[in-house]
Structures are given as C-alpha cells and as structure tokens.
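*Asks:* Chain by chain, the residues:
There are 2 protein chains.
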Amino acid sequence: MSVQERKQRERAERERLIVATARELAEQQGWDAVTTRRLAERIEYSQPVLYSHFRGKREIIGAVALEGAAELAAAVRAATSQASAAGDPHARVTALSRAYLAFADQNPAVYDAIFQLDGGLAYAQEDTPEPLKDAFAALLECLGEVAGKGVHSGLFTEVFWASLHGLATLTRAGRLPPEDTETRVALLVDRLAVL
Amino acid sequence: MSVQERKQRERAERERLIVATARELAEQQGWDAVTTRRLAERIEYSQPVLYSHFRGKREIIGAVALEGAAELAAAVRAATSQASAAGDPHARVTALSRAYLAFADQNPAVYDAIFQLDGGLAYAQEDTPEPLKDAFAALLECLGEVAGKGVHSGLFTEVFWASLHGLATLTRAGRLPPEDTETRVALLVDRLAVL
DNA sequence: TCGATTGTCTAGCAGTGCTAGGATCGGGTC
DNA sequence: GACCCGATCCTAGCACTGCTAGACAATCGA
Numbered sequence: 001m002s003v004q005e006r007k008q009r010e011r012a013e014r015e016r017l018i019v020a021t022a023r024e025l026a027e028q029q030g031w032d033a034v035t036t037r038r039l040a041e042r043i044e045y046s047q048p049v050l051y052s053h054f055r056g057k058r059e060i061i062g063a064v065a066l067e068g069a070a071e072l073a074a075a076v077r078a079a080t081s082q083a084s085a086a087g088d089p090h091a092r093v094t095a096l097s098r099a100y101l102a103f104a105d106q107n108p109a110v111y112d113a114i115f116q117l118d119g120g121l122a123y124a125q126e127d128t129p130e131p132l133k134d135a136f137a138a139l140l141e142c143l144g145e146v147a148g149k150g151v152h153s154g155l156f157t158e159v160f161w162a163s164l165h166g167l168a169t170l171t172r173a174g175r176l177p178p179e180d181t182e183t184r185v186a187l188l189v190d191r192l193a194v195l
Numbered sequence: 001m002s003v004q005e006r007k008q009r010e011r012a013e014r015e016r017l018i019v020a021t022a023r024e025l026a027e028q029q030g031w032d033a034v035t036t037r038r039l040a041e042r043i044e045y046s047q048p049v050l051y052s053h054f055r056g057k058r059e060i061i062g063a064v065a066l067e068g069a070a071e072l073a074a075a076v077r078a079a080t081s082q083a084s085a086a087g088d089p090h091a092r093v094t095a096l097s098r099a100y101l102a103f104a105d106q107n108p109a110v111y112d113a114i115f116q117l118d119g120g121l122a123y124a125q126e127d128t129p130e131p132l133k134d135a136f137a138a139l140l141e142c143l144g145e146v147a148g149k150g151v152h153s154g155l156f157t158e159v160f161w162a163s164l165h166g167l168a169t170l171t172r173a174g175r176l177p178p179e180d181t182e183t184r185v186a187l188l189v190d191r192l193a194v195l
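Keeping their order, the protein sequence lines are chains X and P.
So for the first sequence, UniProt numbering puts the first residue at 1; every next one is plus one.
So for the second sequence, UniProt numbering puts the first residue at 1; every next one is plus one.
Simulated from the structure, these hints should not be mistaken for laboratory data.
Treat the hints with care, as some may be off.
You can't tell identical chains apart in this list, so a pair holds if it fits in one copy or across any two.
25 Å max Cα-Cα, derived SDA-like pairs, lysine to any residue [what the hints assert, rightly or not]:
id	residue 1	residue 2
1	K149	F136
2	K133	T181
3	K149	L117
4	K149	T21
5	K149	D180
These numbers were taken from a predicted model, which means no experiment stands behind them.
Input sequences plus hints: build the corresponding full structure.
*Replies:* Here you go:
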C-alpha cells in the first residue's frame, strides 16, 4: 500500500509543479508563451505527461485560476481586516479596492486566468468551484454593509466588483493612464459606497 | 491615370471586404475561428493577399476595432441625443449606459477587438487613432457634465466607462448573471452621476 | 510586339494543441 | 531470484496556426 501512496504523493507533487510552472511562465512571458512544449520542457517531462494530469491547456489555466482566486480572497481579507477592526467603513472599502487592484497589477497573468481567459470553469452557478465562490464572498463580506438601504448586497457587490475589474483591465491594457489610479479609486469609493 | 485609379478603388474595396469578412466571421464563430486561411477562402483570394493589405492578423483586428469604435461612438451619440434635447441628465446617462452595454452585447467580437484584443493600436496617447479618441469623446460629452464639482470630467468619464466595461465583460464572460443588468445600470447611474 | 512591373498563387517554414502506439521500468507473484 | 504484467512515459506524428519566399502570369508602357 505504501508504494501506491508514495506514487500518489509524487503524482500530486508533479501536478503542483505543472501549475506552478505554468503560472511562473505566464507571469514572466505572458500566457501566449505557455505552450505545452515549453511547459513540458520546464518540468522536465514530455508533453503527454501534462495530459495525464489535465484534459488540456484550458484545464491548466483553470487550475492557475483557482489557485489565484484563493490568493485574491486572502489578500482582500488581509487588507480589510485592520480597518474592519477599527470600524471604519470608508477605510475598509478603500483598502479592499487598493488590494484588489494591487493584486491585478502584481499578478496580471493570474488575474487573466481568473477573469479573462477560458479555464473551463463555471461562474455564478451552483457548480462554481469553491475558491471562486469564496473570492466573491470575500468581497461581499466587506462591501455588503455599504450597499445602502434598499439595495441588495450581492448586487451592489457585483457592481462594485465590476467597476474595479474595469479599472484593472483597462489600466493594464493601456486603455487608461496609470497615474490617476488612486484618484479613481477615491472617486469610486466615495460615490458608490454608502457609509 | 484612370486605370490606376480604378485599381486603387478595387484595392480599397478589397480591403473593406477583408475587414468586413473578418468581422462577420468573428461575430459568427469567435475570433479564434478567424484564421488567415479561412479569411482568405471567404474573400476568395489566397492567404498572401491579406498581407499585401495588412502587416498581419493583428492589424486586421485593429481595423475592425477602428470601425467598431466609430460605430460605438455613433450609437452612444444617437442614444443620448433625445434625452439631451429634453435636458434630462438622468435619462441621458441611463440611455448612454444602456446603449453602451447593448453595443457590447450585440457586437461581442467587435467589442473585444476594441477593448480586449491586441490590435496593435495606441490608446490614451497622442498618436491614438481618431476613432478611438472620438469614442471616448462621445462618452465625455455626455458624462462630463455629471462629474460633480471638484471632479475632473475626464477622470470621471474614465471611471464611469471602466464600470460599464467591467459590467460588459463580466456579464458576457458568464461571470455575472445577465438578468439583473438593468438594476445594475440603475445603481451605477444613481450613485456615480451627480445630477 | 517586346520588356518590365505589378499582382497573385503555390508551397513551405516553424510553431501550436493534442494523441496513438511502442518502449521501458517496476511491483507482485511463483 | 526469475518472471510476467501493468502502469508509466516518450517518440513520432496529426491537423492546424501565422507568415513568407519564390515561381508564375497578367497587364501596362514603349
């Protein structure tokens, strides 16, 4: 039995290696550079090995997305916990926004995997993977309370999130000049959130 | 001379055909299906002909983006002109938002060409092509007046636009359920615009 | 009518995601 | 310890991608 267990461990370890390498390569050179050949070479296995772990490249992107969603949720919670304890809603929402945009800025490839690319994942449905639901939950925890009366907290969170997403993607794609990000965040928080 | 002129006309006509066909194919089957071979086959020329008009696939996407940006600007202006004449800012901003999201919804491939894909175009710079500048100008014309005092109209337009962009992309990518779009728009307009 | 130029196509390159089928290695059994 | 068999992995190849070199033909000016 212990032999099989060891093999299972090694397999799981290799799977982690694949995901981590794909992510690293994507952050270094963009997702276009993440080809099955390059990825296989980096993990020092042949191409078909990838397909014994994942159905295809899409599923590898999906795996990176799930990992990233968990980190995003953690980053958001970490950033908001301080202001949350101090009972300052304005500071909390500002901290959330900054943390979100910082994550998108510092992990562009991962952010793309979560929100732009097709990772074969279900969103906004019952069978949505847990990390994705939890990432939204992290936003909801912080934003739900500033929705204002008469406004559904989930819907408010969606709108606020969409705004942040728009800022993140347009800025990174060069559609918005990056200098005024802080001012834009302030405007968004002041107007959207009901304190 | 007239011979050369005729040839030039035919060339320009063929270029329009390429762009229109690329756009049509992209809307029908997605940009992934727009390969140089398929495109060449549809216009009934060989592949290299494409490269006598454009540097590569990227430039073809860029051409579709420019065409689309002009249409988006026109759509926005058309939608806002009525409420503008009536002097109703709230209705005007709502009309703009609906028109923008409707354009994204009805021309997903074109919208991607403008805002998601790499068409080799410069954004938010001096050498930004005129149609792109004009599309932003169309938004600015309508949104600048509801920025609120002390808020730069350009910056406000950027933020509002980013919010719409976030809603458009997240909805279409299945990240947001499409049912509540109207409610989201209402929330966005009520909160962001200063009337 | 001839030469040159312009225009177009065939064929091919290097790269992509993905897979069939053969080789090899190791564990379990006699 | 020797053997077999199954799991594991790799080589080689498929059909496709964007893009281009060079051959070919058609057309224009002299």
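*Asks:* So, for every hint listed, does it hold in this structure?
*Replies:* The hints, checked one at a time:
1. For a Cα distance limit of 25 Å, the shortest separation of K149 from F136 inside one copy, 21 Å, qualifies, whereas the shortest one across copies, 33 Å, does not.
2. In this assembly of identical chains, the alpha carbons of K133 and T181 lie at most 25 Å apart only when taken from different copies (20 Å versus 27 Å within one copy).
3. Neither within a single protomer nor between protomers do K149 and L117 lie at most 25 Å apart by alpha-carbon distance, with minima of 35 Å and 39 Å respectively.
4. In this homomeric assembly, K149 and T21 never come within 25 Å of each other (Cα to Cα): the closest approach is 46 Å inside a single copy and 50 Å across copies.
5. With identical chains, the CA atoms of K149 and D180 are at most 25 Å apart between copies only, with a shortest distance of 18 Å across copies and 31 Å within one.
In summary, the structure is inconsistent with hints 3 and 4 from the numbered list given earlier, while agreeing with the others.
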